[in-house]
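Q: The listed protein sequences correspond, in order, to chains A and B.
One point on numbering: in this note's numbering, the residue at position 229 of the first sequence is 229, and numbering is uninterrupted.
One point on numbering: in this note's numbering, the residue at position 226 of the second sequence is 226, and numbering is uninterrupted.
These aren't lab readings, by the way, just hints derived from the structure by calculation.
Please note that the accuracy of each hint is not assured.
The calculated label-pair distances, taken between Cβ atoms and stated as ranges, are [to be verified]:
1. A:Ser61 x B:His398: 53 to 61 Å
2. B:Ile279 x A:Ile59: 47 to 55 Å
3. A:Arg243 x B:Gly94: 48 to 56 Å
4. A:Asp188 x B:Arg97: 48 to 56 Å
5. A:Gly196 x B:Leu290: 52 to 60 Å
With the Cβ distance kept under 8 Å, some of the chain B side facing chain A (calculated, not the full set) [to be verified]:
6. Leu117
7. Ala267
8. Arg298
According to the in silico footprint, chain A covers these stretches of chain B (three or more CB under 8 Å from chain A) [to be verified]:
9. 36-44
10. 268-279
Backbone N, C-alpha and C fix where the C-beta goes; we use that ideal spot for every residue, glycine too.
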Amino acid sequence: MIPQSLHTLLSLDAVPFLTAVFTAISCALMGNYLVLRRLSLMGDAISHAVLPGIVIGFIVSGTRSALPVFVGAAIASLITVVLVDIVRHRGKIESGASMGVVFSIMFAGGVLMIERVAARNIDLDADCVLHGQLETFFWHPPTTWAELFSWSALSTLPMEFVVSILFLIFLAISIYVFWKEFLIVSFDGEHAYSLGMSPRVIHALQMALVASCVVVAFRAVGSILVIAMLLCPAAAARLMTDRIGTHFLLSVVFSILAVFIGYPLASFGPSALGYEMSLSAAGTIAVVSGLLLLPAFLLGIQDRNSILENQQKLTTH
Amino acid sequence: MFKEWLSLVLPGAYNTQMVLLSVTALGVASGIAGSLLVLRKRALVVDALSHATLPGLVAAYLLFVGILGYSRNLTLLLSGALISGLLAAQAIQGLLRFTRLREDLVIGIVLSTYFGLGIALLSIVQVLGRGSEGGLNHFIYGQAAAMSASDAWIMFYCAVGAAILASLFLKEFRLLCFDADFGKVGGMSPGILDSLLLTLAVFVVVIGLQAVGVLLMVAFLIIPAVAARFWTERFSTMLILAAAIGGASGFIGAILSASFSGFPAGAVIVLTSGVFFTISFLIAPRRGLLSAFIRRIRLQMRIAEDHLLREIYQSLKTDPASSRRYPASDLLTLQDLDWTSEFWLSQRLRRKGYGHKAGDSIFITDLGISRAKRLTEHHEMWEQYLSQHSDLDASHLHHSADLAEHALDDDLADKLKKALQDKDVEAGQ
């Protein structure tokens with residue numbers, strides 16, 4: 001028999017917690033590329049702009065089937081990238097402003113659609129955009145240890161959990177397979193071109209993977225907090241190393257740390273202080289992942305010429 | 001008196017009228033502040049700051065309503081939002097100064113961390129069970145229709161104040177946007193002006209929170225400004241246009257969202273400004289897509305016309321007795337044009353009086369021949385010039401001259417002629 005307290009933990013907290021862990025690792029992995037390629041704003045833009053794609057995916061499938069949502073999000077992110085490019089080059093508008101215009105119009109469209117859809121009782125609402133639905137990933141685990149890992153018990157796991165773990169596996173394999181291509185494109189597009197790779201194709205592939213991360217994270221943490229999951233662990237790694245392998249490793253460590261500290265803090269922190277409530281897990285994880293930059297900074301490497309570089313950074317902006 | 005005047009110009013009850021008026025004023029302030037931000041390339045910094053107003057807003061609510069038991073007070077809530085927005089600006093500056101992280105990354109970090117804090121605090125409000133009563137949800141996606149007249153008055157005064165403040169420092173801001181170093185000489189340091197600009201932007205974001213919402217307020221700042229940018233190259237014109245577009249978007253959006261239930265005000269207002277943006281992007285002269293397209297077609301036509309005339313001149317030289325009548329199909333297929341362009345090309349020839357197309361023949365006039373002669377001279381001159389003054393291989397000369405000759409107007413051609421003659425004289429000596 002599984003003890004009662006453990007059973008409660010399994011049904012209430014285990015699945016949301018593990019979903020958050022897997023999602024955070026996926027996001028952190030792709031975040032490395034965003035940070036190293038100086039495309040952090042693209043992460044910001046894509047996370048907002050895929051919203052209409054996600055909503056249309058939901059409307060089309062009408063169910064919780066994941067594929068249409070992925071397709072919708074991928075199309076939306078592609079449209080965003082293309083539109084930003086057109087506004088920027090054809091309209092000769094500065095890149096930040098052209099990004100801001102495009103993704104906020106797409107986001108507003110998504111919000112409007114969500115409000116219309118919510119009236120039709122589809123399992124999607126505007127609050128989900130803000131903080132996801134991590135707390136609703138319940139599971140009814142069996143009462144005995146023997147049944148715990150049986151197929152019948154595992155098949156009742158929430159789909160979001162299954163998707164998050166499958167996507168992590170898929171992403172890890174993709175990164176492993178394309179490791180060299182991704183890195184060469186990240187650091188030296190022309191060299192990549194001379195090796196017969198197409199920087200455009202690989203760029204598109206990377207952006208599609210970022211969009212997929214946003215979709216996987218959407219149900220868990222919503223559209224906006226995913227930015228923290230994408231950028232903060234990779235930024236912390238950036239503060240601590242210049243070695244690429246270590247960079248990826250550290251980002252994964254920081255993403256796991258953020259969930260390991262953030263989730264219990266949200267779920268059990270207030271009750272430990274005597275308040276009968278819990279905080280939003282997604283919000284708390286985002287805050288913790290941001291705060292983890294501080295130890296990373298204190299333990300991190302200081303550039304020998306950092307003062308000079310920072311001054312240049314400030315004057316050029 | 002005021003109410004009567006209001007009902008003469010605006011539809012709806014007094015409350016609705018005040019909302020319309022204040023959202024329009026907000027749009028005007030947004031347009032002005034947004035133009036300054038876009039020109040100073042600070043659009044996405046303010047995106048972070050506007051997300052970062054959420055924790056301050058919720059914290060002020062928790063403190064004053066949850067703990068101290070005050071009734072909901074808009075000014076206190078917005079002050080909280082303003083403070084956390086400004087703290088976020090400090091956080092961005094600090095991270096840039098003390099770490100190796102770049103600005104784009106720092107913007108993303110501050111945006112998401114502050115917003116996360118806001119969401120965590122919001123979950124406390126929801127447990128207190130007063131979130132919906134306090135209307136905090138309205139601050140996320142904006143709910144203009146739910147505003148009271150007194151809230152609308154506050155928003156109106158603040159928006160007008162922000163617009164006036166921006167106008168007072170217009171000269172300084174203009175220097176900051178276009179020539180920050182020169183501005184340094186002029187008196188106020190760019191650092192102080194930058195802080196003033198960001199403060200102004202956060203202030204406009206904060207007063208728009210209730211009507212447009214945390215998530216979309218930054219869009220309401222940027223979009224009218226970028227839409228205005230398509231129409232003009234002048235600073236003052238851009239500001240006026242952006243203010244007009246912002247005001248119109250606010251007005252139309254607020255009417256739409258008030259008329260149909262279930263349309264969140266923030267999204268509708270932003271999408272309205274998005275329509276203005278799209279129209280501007282498509283049809284604006286100079287920067288618009290359509291005008292760029294027309295320019296390209298015109299250039300193509302002109303090049304095709306030049307080539308066609310030169311072709312005719314060549315055959316005229318070899319066969320001076322010909323009847324000035326040329327098979328159109330040969331000449332046109334030579335230019336590699338589709339049939340619409342062929343049509344436009346023959347129209348163009350007729351309009352300029354160079355010739356006309358009848359059936360499968362092109363007739364050429366005297367004017368056309370003199371033009372053709374001149375074009376051929378230009379082409380030869382370019383070839384000659386390039387052969388003398390550039391390192392181009394002889395086999396490339398013709399093609400390069402082809403590319404350049406179309407930009408040759410008569411003034412330039414005369415200069416070129418003179419330059420070549422001088423060269424010949426030099427060579428003769």
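Q: Take the hints in turn and mark each one as holding or not.
A: Okay, the hints, checked on the actual structure:
1. Distance hint for A:Ser61 and B:His398: a CB-CB separation of about 60 Å, consistent with the stated range 53 to 61 Å.
2. In this structure the supplied range 47 to 55 Å is violated for B:Ile279 paired with A:Ile59, their Cβ-Cβ distance being about 28 Å.
3. Checking the proposed 48 to 56 Å range against A:Arg243 and B:Gly94 shows it is violated: the Cβ atoms sit about 27 Å from each other.
4. A C-beta distance of roughly 30 Å is found between A:Asp188 and B:Arg97, which places it outside the suggested range of 48 to 56 Å.
5. Distance hint check for A:Gly196 and B:Leu290: the Cβ-Cβ separation is about 39 Å, which falls outside the suggested range of 52 to 60 Å.
6. Look at B:Leu117: its Cβ gets to within about 5 Å of chain A, closer than 8 Å, so that hint holds up.
7. A cut of 8 Å between beta carbons decides the hint on B:Ala267: the least distance to chain A is about 4 Å, and the hint holds.
8. Checking B:Arg298 against chain A: minimum C-beta separation of about 17 Å lies over 8 Å; hint violated.
9. Coverage of a stretch by a chain is defined here by at least three residues with a beta carbon nearer than 8 Å to that chain's beta carbons; for the stretch 36-44 of chain B and chain A the count is 5, and the condition holds.
10. Given as covered by chain A, the stretch 268-279 of chain B passes the check, having 5 residues with a CB less than 8 Å from a CB of that chain where 3 are the minimum.
Against the hints set out earlier in the document, violations occur for numbers 2, 3, 4, 5, 8.
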